[in-house]
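> Chain by chain, the residues run as shown.
Number of protein chains: 2
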Amino acid sequence: MGKVFVIAQGGGPTAVINQTVAGAALEARRRHPDSKVLGTRHGVRGLRKGDFIDLSALSEADLRRFADTPNAGLGSTRDKPDDKYCEEALAQLRKVGANAFIYIGGNDTAGTQQILDRSAGGNIAFIHAPKTVDNDLVENDHTPGYISAAWFVAGAFLSLDLDFRAMPGIYAGIVMGRHAGFLTAAGAAWRAREEDGPHLVYVPEHGFSMKQLIYEVGAVREKYGRCIIAMSEGVLGEDGRPLLESLRETIERDAHGNIQLAGGDLGVAIAGALSTAFPKVRVRVDTFGYLPRAYPGMADATDRQEAFDCGVFAVATAEEGSCSVGLQFDGTRTLPRRVALGAVAGKTRLMPPDFMNSDGNNVAAAGIAYLQRLLPPRPPILPLI
Amino acid sequence: MGKVFVIAQGGGPTAVINQTVAGAALEARRRHPDSKVLGTRHGVRGLRKGDFIDLSALSEADLRRFADTPNAGLGSTRDKPDDKYCEEALAQLRKVGANAFIYIGGNDTAGTQQILDRSAGGNIAFIHAPKTVDNDLVENDHTPGYISAAWFVAGAFLSLDLDFRAMPGIYAGIVMGRHAGFLTAAGAAWRAREEDGPHLVYVPEHGFSMKQLIYEVGAVREKYGRCIIAMSEGVLGEDGRPLLESLRETIERDAHGNIQLAGGDLGVAIAGALSTAFPKVRVRVDTFGYLPRAYPGMADATDRQEAFDCGVFAVATAEEGSCSVGLQFDGTRTLPRRVALGAVAGKTRLMPPDFMNSDGNNVAAAGIAYLQRLLPPRPPILPLI
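Here the protein sequences come in this chain order: F and U. Position one of the first sequence corresponds to residue 1 (my numbering), numbered consecutively onward. Position one of the second sequence corresponds to residue 1001 (my numbering), numbered consecutively onward.
What the hints contain is simulated information worked out from the structure, not anything from laboratory work. Worth double-checking, as some hints may not be accurate.
Part of the chain F face toward chain U, derived, beta carbon under 8 Å [unchecked claim]:
1. 75
2. 77
3. 296
Given the structure is predicted, the values throughout are model-derived calculations rather than measurements. The beta carbon of each residue, even a glycine, is placed where N, CA and C say it ideally should be.
Just chain F, with the same shape it has in the complex (with noise of 0.2 Å):
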């Protein structure tokens, strides 16, 4: 009998994270023709069923379909498995004689990776490829996913910013980030000159507060008569606490109507807080949310080639047993690496100190110089005011 192959997905979804599985069924066919790939449905959720979709079935135009298609498509969990769940995950593992399962995802992916390994006991290798448009794993020069993600903030804030330059005011931008900051930070990839916008940049890497965003946004202001702002949902209070809890409690236990306030919640204190300090001036604040994940038609082209090349690593290094495939650059390539999953497990990784500036509220030269090597370049724009 040929080699078996297990594919799944989890955690949220990415423009990319179908060119993984894709990259893997089509290497497991060239390398072992009687092979046989299985998708499960739902991540570890579906595997605990035996609820797969065989992807051995499909012709090879219809995994390039697929791989073209945004987010995921198999179905993802954001399921943690205990014992038991762990046991009759490999039950079925087992019972279809697999050789390697690979899991598509972020650091709670690879711990879930870890945790099956352990209890497995070495007949299976257990593969995390990674994927995260937050581009918060550690051992990776940046994740498939990323790079689509962040090419689609830089787009927002770049026509953010020619919006505000016609018409003057405030605008805030809140962007998916809840530890780190890569992907708010993109909004800054291509910035061409000074009074090119974002102008405050916050991470959850640095400390905020109101009073110093009035502030900032006041002498920013004065300068350009604009501000545009990027936030990551992220930022964290005065108290250390990410500022979206701490407004969460204080609206509810303020609010007596029937209204309660959730998700949104940090959007709308800082039109609030600006509407207060600046008041007659035009202030918008917009949540991106999940519109930059998985955008048709913004999959950028390495990030598609990397995405389906992590999927083809996975299933070339098999043999060699379980890992984490890390996404490393050399100076001059990005390639995948085999990395111990316990590297990457349960881990989290910041922006490096010098991506931001001294005041934490913008990106730095070595920021600018990251997001520039991994975006498409800027488009020829041409406004004349």
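With chain F held as given, fit chain U onto it using these hints.
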């Protein structure tokens, strides 16, 4: 001395508003090689001060590059001239010997042209060129800027439906549109199967209540396991007033902290109501806000051409006197026509009643047909769940 055309941009930005400027400038150059085309900085605000940009000095290549720049590249304004303002603006037009003033914008901009035309007394042609992502101008099948913005919204909901197919839950995307639901309705353009989202579409043209929302979301979840909602910022509450306004008052009255609420209130209230009604369910609400208006790289080819053609047409027919340019559809082609300024100024076009279903909670066949006539085709995706 050759002819003099003055051109300006008013109101919110679009992805193609600069196409109309370029179309006018290039047509003036072609028809009248000795003509002069002056752009005003920030609409009538710059006109009043004589703040001009000489577009005749730009090469065709630069004008084409300007055309492809998203957002109002001459600057914009929402100023509504009073008598004195009018006189100052007219004085500047006379000073440069203007034969025509072309003002690109929505129904407010048409109103400004009507006021200027009345005050000027016939020596200058005041031409309103259409532009709005809201698509709410009468005498137009659709308006330049709408197709590109609608394309963005269609792509967003395609992706979000895939996202929640991969991991179940409830999602609401709040889309701009105070009076007309065209842009929100565009979220439904690419639905292919009955189970595809958005499953609920709420627009200002129809009644809305939180109670109705909770009931309808419950019914959709029972059927499909997920629920994707597209909602206009301008949905009306049970009292017939914009819900956003009522909510703002409620929250401001109830909250005693230093947090003032504004802007994203609607999204926050919707998220709160859904989380309360469906505890333990994944709920997310995002405010798309300004993102769809002029996203770089998402200027639709038809939209670009039509916006350009409106500028060409304005110059080509300027000798016939003041008018509004209306993009009209004859059943086969969409072509610009001259219509009276008074027919457009201050009027708001709503969605035709048959664009929505009888429950007022989803786009009906006529609406989908309209959207599919305008938008690019759905991308060829292949999710496997």
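> Now tell me if each hint is right for this structure.
So, going through the hints one by one against the coordinates:
no., hint, verdict
1, 75, "holds, 4 Å"
2, 77, "holds, 7 Å"
3, 296, "holds, 4 Å"
The structure agrees with every numbered hint stated previously.
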